[in-house]
Amino acid sequence: MIPLTWEIVARGLTEIGRLLGIIAATVVILETLAYLILYRLLRYKYALPFMLLLPALVGVMLLIIYPFGFNIYLAFSNMNMFRFKDFSVGLSYAVTNFLDVFRLPVLQKVTFFQLLGRTVLWTAVNVTCHVLGGLGLAILLNRPMRGKGIYRTLLVVPWALPQVIAALAWRGEFHYQYGFVNLLLQRMGLSPVQWLSDPKWAFVAVVLVNVWLGIPFMMVVLLGGLQSISQEYYDAAQIDGASGWQQFRSITMPLLKPVLTPAVILGVVWTFNNFNVIYLVTRGGPMEGTDLLVTSMFKAVFEFYRYGFGAAYALVIFVFLFIFSAVYLRLSGGFKGAWE
Amino acid sequence: MMRTASKRRVFRKARGDSPAKRALIHAVLIVACVMAVYPFLRVISVSLRPGSQLLSTNLAFIPPGASFENYRALIFDRDFTIWLWNSLIVSAASVLVGLMLAATAAYAFSRWKFPGRRQGLLFLLTTQMIPAGMLLLPIYIMVVRLKLFNTYTGMAIAYSVGSVPFSTWILKGYYDTIPRELEEAALVDGASPLMAFWRIVIPLSTPALAIAGLFGFMTAWNDYMMARVMLQKANMFTWPVGFQKLMDQFQTAWGQFAAASVLVAIPALALFLYSSKWLVSGMTLGGVKE
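The listed protein sequences correspond, in order, to chains L and Y.
Going by the working numbering, the first sequence opens with residue 993, and the numbers climb by one from there.
Going by the working numbering, the second sequence opens with residue -15, and the numbers climb by one from there.
FYI, nobody ran anything at the bench for these hints, they're computed from the structure.
One thing to keep in mind: the hints can contain errors.
Here are the in silico distance ranges between beta carbons for each label pair [what the hints assert, rightly or not]:
hint, chain 1, residue 1, chain 2, residue 2, range
1, Y, I59, L, Y1225, 55 to 63 angstroms
2, L, K1077, Y, K217, 17 to 25 angstroms
3, L, P1246, Y, S51, 53 to 61 angstroms
Only a predicted model underlies this, so the values are computations on that prediction, with no experimental measurement involved.
Don't be surprised by glycine CBs; every beta carbon is placed ideally from N, CA and C.
Start from the sequences, fold in the hints, and give me the full structure.
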């Protein structure tokens, strides 16, 4: 055990102070240069906004764009654990890396297409349950009643808990002998389930955890959407004799769409990319039975040390996700109105 | 006018639901609440278990022989305080940097229609679609080459830009609601545009800055993946990595893990409940109007 001493605190503060000092100095130098060039030399009309943007631009360049490009470069290399420093780069390596993604098992057993199928299934099941569960609860809560605030507060607890804690706690609760899931099943006269050692049940377990985690977000977002729908529409529909279901289909759903669409896109991207739940609850096991694209990529890189291959694999995943998002945004008119 | 309308609505709705229906709705909501909260109650319960009862099949909320022994062991025999300190300093530094970048960039996006503005905003959205972990490998290699592996500096840099796109969106949305006339008046009085930003816009947008800061802090504070890759030395672990190591010793340290979770989760819960309304409207990019 290492005690937290003043020495450690002081060392940390010094290190961070130095970092902030370096960053501040860099910003000052960059801004002075930008001022001289854009304002004095070019007399550019938009000199000021560009100077305001400059720090963020440099940050995004260094930590998003450059790593992204570097990742592409790595995909053209044969870098791995044994060739960390003296790796070589060439088209032939890229061909091998990208072909390997599709023709060999990504780790030891499961192939890319199996992982893709499983990830799509995972995403579809989760987002469907999130939306249905969230919508159901939002509709129940969207009425004047006693204890509404308490219900709302308690229902968002899964979302409010730090995800790492929730995932690790669930990992313990799926323990065959001592976890509450099996204990409750036994109390109800059912037989306990091998949650973490049977691949099928392990997948059910991670889906259950993620559904539990994701419903509150959808509920809160959709409740906000429901509350913004004016009651007058429903009054008019009632006068015209519309049934509850007809009102839901012709008033609630269309008016909820501007809220639902971005929430679903976010939900899909988050779920597709979910790392914590899988990695912390099952580690992708047993026998790679719960690995998704993202966790297998992480393992290929940081447990199998196949850097070049991992970079190529990451690009393939990105392309899939990007195409999906682009198509969905185009079809649904997604973030219209968010521009101005 | 508004008030009577909403009153009428309350009245009609309340009359519309029969007592049986109302009872059913409450029953469904109570079941849902129990399902939402039960796992965390279990964590609290496990944290109170004495060493002899750690592995037990008892489901009672207060375990027999309940004690705070796990909390004591966690704080005095484990590196718990070090983990919290590491997380705190890294998150605070990254949020400071990230917020400064986002605050100025968002102001430019909000007030000027410069060429490339639309593309810039769209680009910020696109970065959110980069799979978690895709930039992990290149950033890891960069950090190793810069000899910043296992350091606060490396972690703070790695986290700093992550929340900038989201914070920029929130802040831009908020600046848009601040009337330009306020700054124009200041300009007429002879203030420079930067002065107007610093003296008028920044003070007026403290709520949005707080939310963006909170979000950035939470992102870094709760991150597991980056920390798992960047930190190898036990004295550098942030709490998520430390907790995971605790949970690996399930048979002996489950109670301490539970105690640690309670200590970290309760402030997180409080903070979240306090800020959730703003977080949601930020996340859906203004789609939710309340």
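(Q) For the hint 53 to 61 angstroms, verify it against the beta carbon of P1246 (chain L) and that of S51 (chain Y). (A) With Cβ atoms ~57 angstroms apart, the hint holds.
**Q.** Pairwise beta carbon distance, I59 (chain Y) to Y1225 (chain L), judged against the given window 55 to 63 angstroms
**A.** holds (56 angstroms)
Q.
Quick check on a hinted range of 17 to 25 angstroms for K1077 (chain L) and K217 (chain Y), using CB atoms only.
A. holds (22 angstroms)
Checked against the numbered hints above, the structure breaks none of them.
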